[in-house]
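Visitor: Numbering (my numbering), first residue to last: 1405 to 1729.
Derived by calculation from the structure, the hints in this document are not laboratory data. Built from N, CA and C at the ideal position, the CB exists for glycine as well. Among the hints, erroneous ones may be present.
Ranges of calculated distance between the beta carbons of each label pair, as one might list FRET restraints [to be verified]:
hint: 1; residue 1: 1566; residue 2: 1616; range: 37 to 45 Å
hint: 2; residue 1: 1469; residue 2: 1638; range: 44 to 52 Å
hint: 3; residue 1: 1446; residue 2: 1635; range: 41 to 49 Å
hint: 4; residue 1: 1628; residue 2: 1419; range: 38 to 46 Å
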Amino acid sequence: MITESTENSAFLPRSFLKNRHLQSIMASARLLIGPHRFLLERSQEIILETAAGSRLLAHVSPHPASRGLIIILHGWEGSSSSAYVLAAGAHFYSRGFSVARLNLRDHGESHHLNEGLFHGALLDETFDAVNALAASAAESSVYLMGFSLGANFALRIAIRHSEKPIRGLRQVFAISPPLDPYKTTLAIDGGPGFYRKYFLKKWRRSLKKKQRLYPQKYNFTKMLHADTCLALTEKVMTYFPEFPSYRDYFRLYTLTKKSFRDLGVPVRIFIAQDDPVIPAEDFLALAGNRFLTVSRQKFGGHCGFIDLFPYRRWYNDRITEALGK
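Please construct the entire structure, taking both the sequences and the accompanying hints into account.
Guide: So this is what it looks like as structure tokens:
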């Protein structure tokens, strides 16, 4: 593993932007997307059917003179229209890349596509969707980029790529990935209350939408009174009899040093030491892998890394540099 905690291009925002909670909030702020209408005007909505019959929604923006395809995965309860996804998509489209923004199951306007409920261990269908996007692309070079839970998915896809290659996959980028989702859930519940309230509000809304679409299968009414993410996770396990407990569920997408031993594609992780929901020390154990680079920054919060005057999302610049090599 290569560590880049003191590189010349370190993220050093203006002093009033160093607060980790401010950075985390700004990550999803609609006012901080930047110009992106051109990306939306060139987006085509497609539905990808996976080998198991799942259907996932994506928005693809082909570039007329493409340098490659960048596939972007959003975070938990985000979507292909999240501010950080649109900002990244616009950034790379304007630099000559085609962009595919993929929704995880039950995210964005996709709840109706599958009767089954989303959970974080749904790697097969997400891998198949990314694989299908890469296989159908006109470009010979494909790059995968993920945020938060989407970054965890991106890392697992990179790992699976070693046994089931994705055509043209050149590099994978993970911004603020949780390696241990149980720890992250505890951090959300135990940190400042606005994180817990934010995720519970969005999760409850998603579950209510699923119940309206499939009332014969789901009734979340009582469990929605749970007041922590962990409590709601435990209650939702009722609909996943394949998981003996929520701890067994979390283990299915927990990543350790051993998880990356067969990695065969360059992966770059961006993590802030002040991330309020992901322990930065978890990444210290990932040493000894030549395909893995961890860029550990002092500031940035969770998926933030935003500076102003001029506006920029620091990781987009670093990824642009990596794509040029």
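Visitor: Hint by hint, note whether the structure agrees.
Guide: Do the hints match the structure? See the list:
1. 1566 / 1616: 37 to 45 Å: holds, 41 Å
2. 1469 / 1638: 44 to 52 Å: holds, 51 Å
3. 1446 / 1635: 41 to 49 Å: The hint (41 to 49 Å, Cβ to Cβ) holds, given that residue 1446 and residue 1635 are roughly 43 Å apart.
4. 1628 / 1419: 38 to 46 Å: About 41 Å separates the Cβ atoms of residue 1628 and residue 1419, which means 38 to 46 Å holds.
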